[in-house]
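Enquirer: Residue numbers (the working numbering), protein chains in the order written: chain B, 1 to 282; chain C, 1 to 463.
Read the hints as simulated data drawn from the structure, not as lab findings.
There could be a bad hint or two in this list.
What the hints assert, rightly or not - Mimicking DSSO-like on lysine-lysine, the simulated pairs with C-alpha atoms at most 27 Å apart in a straight line are:
1) K283/C <-> K271/C
2) K266/B <-> K349/C
3) K349/C <-> K198/B
4) K29/B <-> K409/C
What the hints assert, rightly or not - Not everything, but these chain B residues come out facing chain C in the computed CB check (under 10 Å):
5) Y4
6) L25
7) V26
8) T69
9) G79
10) L89
11) G218
12) G223
13) L227
14) T228
15) V233
16) F235
Positions of the beta carbon are idealized from the N, C-alpha and C atoms, including for glycine.
Here is how the chains run, residue by residue.
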Amino acid sequence: MKKYEIVKKKTLTPEISQISVYAPLVAAKAKAGQFIILRVDEEGERIPLTISSAEDGLVTVIFQKIGGTTMALDQLNEGDCLQDFVGPLGLPTEVEDLGRVAVLGGGLGCAIALPVARALYQAGNQVDLIGGFKTKDIVILEEEMSQACTDLHICTDDGTYGYHGFVTGKLEKLIESGVKFDRVFAIGPLMMMKFACKLTEKYNIPTTVSMNPIMIDGTGMCGCCRLTVDGEVKFACVDGPDFDGHKVDFDEVIARNATYLEQEIKARDNHLCRLGGGAMNG
Amino acid sequence: MANLQNVRTLMGDQDPANRVKNFKEVALGYSTGAAMNEADRCLNCKNRPCVSGCPVGIPIPDFLRKVADGDINGAYEILSAANALPSISGRVCPQETQCEGMCVRGIKGESIAIGRIERFVADWAYLRGYNEKIKAVPSNGHKVAVIGSGPAGLTCAGELARMGYEVTVFEAFHVAGGVLSYGIPEFRLPKAVVKREVEKLEKMGVKIELNMVIGKVLTITELFEEQGFEAVFIGSGAGLPMFMKIPGESLIGVYSANEYLTRINLMKAYKDDSPTPVLHNKKVAVVGGGNVAMDAARCAKRLGAEVHIVYRRSEAELPARAEEVHHAKQEGIIFDLLTNPVSIEGDEKGQVQSLTCVKMELGEPDASGRRRPMAVPGSEFKVEVDAVIMSLGTQPNPMSYEGTPGLEKNRKGCVAADENGRTSCPAIFAGGDAATGAATVILAMGAGKSAAKSIDEYIRSKQ
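For reference, chain C alone in the conformation it holds in the complex (with noise of 0.2 Å):
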């Protein structure tokens, strides 16, 4: 008989008052017998509704039963082996929309923690030392490549080598695991998580470059002919940042959240001693309500700044998942919603003064399915701030792929890949941002996962 209890097992926070003022880890995690209570609310349904939530399939009820049981080792084989990267999807899957949305748990009552559950088990291991155990496969004596060590390239490298692929992951820069090292913050994905899951895939005998440009110091074309590689994973991420084309963007102390975050999160701006600089603002207004937006703002907040975050839309459309929102109005984050910037405004130095936004209405759905917003005529106003935080997403950048031959785009400018990750040239395969645009780490997961069995299948055809 499962544990009926209708709300889910808390879990530790640290208090907003003080965690606004560092950098660590707000959720605390659960304890082992947290855990195994969440677990046990699991009814072990027939149809596992959760499992077609998940992006990676992971088979979600039989690692519940397990730590339900106390047998975190056996939850951890079952779930390592369907999802390469578990501490990191544990902590930032958007698992309302997943599987918890699909939990019958949440029809009366509040659905399962299956996320901090999963990070649970996946930090269980890794404290036990699981990852000196790792050996890794034998070569089978194919070469492939992959473009990228975030989410999508680290998931697409881990599985190839559990099937004896010889992997090389190429990274543009210092450090690895892309949007997780560069973009998520410390106090939502601590880099030692991001470092261990890494070292992971590196006792798994894959081969991280960094510091490689693909398209620059060596193009696709080269990674065939020259280097040997077989077959090639395009994961190269979002690409650049849009701006609004207002008046005033490039004054001082506008940013792109790109920029923001990354100084933050990989140059360690934060640090009173780190070489790389950031701003440390009075008043911040943040553009967007993503993650990302939220990501940024949270992190203008530990810098000591009061922070809006500026939407266009209502509370209803904010595109963040649901408790990066609550984190955030928790810290003091203030939510000008139904709000657009129409113009920034500088001194005489090009340091930012004030943005000026005019308010805004709902219409009828547009494009997306969400209400188009419509500016209200005679409502601008003006408000004083020292930065602006652009967070409105991103466009393809084409470097790393750009000329290769009989390669083909979609609409968007991204890679064109189907839902398999191959391309229009058989040894080339994508996936990601790179291929659908701005979205989750474990939507990247799910196609790093697709395409390596794509690449598995078209290998295999070869001989």
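Next comes chain B alone, as it looks inside the complex (with noise of 0.2 Å):
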């Protein structure tokens, strides 16, 4: 196997894919929680991703085509190599037994939330993992995820699967009917994260989310990916990406995310442009 180069590849639906890349060195301290960063080609940015697992030499990352960075590598197939992959970043989820606890996975985050309730569930907690899409057709990791937890709930917004309505609908059902969570784990959409942060702030359960802010070199270099927590500016990379949910200041991160929404909108038109074969020079 070649350096960086693309093992496996798996479309997971439509929109969102999975590869397997072989980096044994990454592979090897990969904990849950940490993230690596990724360039596709010689000129490529780089993109921050989370691990989803790490085995046998291989690093699995999952991605959903949403800007020209992340529709470009959906056009690597196995066999190809990546331009740059770089990690384990971050610092690890924090794994001890705490008893029983929730991990919510908002759609793509269910790639993230699966090493870590599966951590969990190793070191002896009782997991309810409960992962959130909007509809049937883009379920993913059903499998994995009912292996890595003691109780799976899956969540779609429309209810043509599992329980209908958001994860914090589940999770708020689940804590009036009597379960005492010791922890929640948030994973995914800012939004998500944030509304499931208000949730247990009212019934006080101390509450971790995997923050994903804008990135360059995932080192602390830049401070590009800083954020607030408890008043304090931490930086996302070196910091977390893992905080107390319950202290970050979502509201700022949301809008800093946005930060070259132009510009990502413009990339992800030029990259469909290209796609189509240039057709639109008319």
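Each chain sits in its own coordinate frame; assemble them with the hints.
Expert: Given below as structure tokens:
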């Protein structure tokens, strides 16, 4: 196998793909909650992706085709090599025997929630893994998730599968039915984590979130990924990505993550245009 | 008899009106004739004050003499034996406070333009294919690891390779060069120049491993125990960018200089087709007065902004190299001196809208020996800007060495190392910003060179 070779690729949904990359040193050290940064080609941008699993010299990441870079990444196939692949970065999720925990995964966030749930489950916790998706057709990793927890609860926004509603709704139902959670882990879109934290604050349940701000180097050098936690500036790449969700200023991160929205839309359109054979020249 | 011309031989610059529209190198370099003329101004003083001002100890009058005689090859041999990266230091050294600051010719006229001649000689040799002729020294069988491929690490690696050590440099980024690649802009130090210096080291047998974050993928302990290295040099650079802790620093449009420069220099965000974005602002405030602030300001200018340097002391205290301040002013950067930000305000989308500052005056000298700036009561004023770039220096990032048994830190939190690069662990050495906090490229190169000598002594002493 070659350096940074895509050894396995799986299309999970039309929008989400999974790749396993040959990077034995990274694989040997990777722990749940950590991330890698990759570049697709010589001129490519650096994008962070959280590690989904790591074994036998392979590091697996799951990504959604939302921008120019992830679209370019999805053009690569088994046997192709990435330009760069660096990690494991960030601090691992603190895994200990807490008792009963809920792990919330939102959409693609389930790819990250999975290793966290698995590690917590293996550490002796009773784990309720709550995975939320828009609709039945885009449910991913169901089998893997079911093996990484005590109880798996799939939710869909439109009720086409499992619980009808958001993951926060399912969590609240469990709490109201008398389940006492010692800790909640919320991993997914910023809005989902923000509302999960609002809910757990009400019930006074300590909550860990996995933050995903914009990054460049991933080693603390640039400060691009800074966020405010308990009134203090923290760098997600070296101080996180996990933080106490009740102390994170979510609105600030949500605003900052939109910094390059215009450029991102342009990049995506450019990419689609190239895929279409450059037909937009009239 | 030396050339008694009292002023320096001119070096061409790109015209300021044009260069603010491109990222090409500003200083155009000497011709052979200009370099010979300038070198001939050297009086060859007996006590060689210029050499004592050089952190890497280049025998300056010797190489100047060769240039004056038209023996550029001979000059290059002298220069490259003392300095592993001459085409870089010739461009970015603060010569006015080092070699040129000590030059006797500077007493009655202008000092000799040593930096420009150094650059000329290095470029001359490269253009004549000298890199192709380099051969690796046969291995002495001893392995040394270097963490970081900035000026300290590259110099240390080059010196060790020359002695026959098997050197591996570990770089966290996808490109070698450290601050030379991500920090210093193309118009001051072309990346092709950095690349050719790195290639030179590779020809000398140095292995460069990119995408390796030491402390994460391998620890220093593992470098010794599993990878078979006998000594480790930590040259991991300055670290985490500092912010002012004033309201509004997380608004959209507030950058650390490190982030802004990395996007532009390393990721090439100034090019229209770059996948990495950077904001193209209308009016930018750069807070700070060092070289990094000048670099950020001049980049912002090239991206089309009106740019203000906001600095709390006066012009005399600006820490930047004289030439950078001069170039910045030529390019129309506005200096708001004795001015300090107190808050940044944003609009409803969280984007920077304005910067509130206060006027300062200088009081008694503080611990740094510089007069302490104090706010003038009631002098607050607001300026409309759409970006603020914080260039306030850095604090140590211990990621690469945290948890290494017995490795001590100094009061600032950097790796504690003496002037020879020795740390509290006999097999671990450190130098450059990782040991001193933010300083200059040439001091880092000097530290890399001293540490290489210490590493050689250490490994020999074990045999």
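Enquirer: Would you pick out the hints that fail for this structure and give their numbers low to high?
Expert: Result: hint 9 breaks, nothing else.
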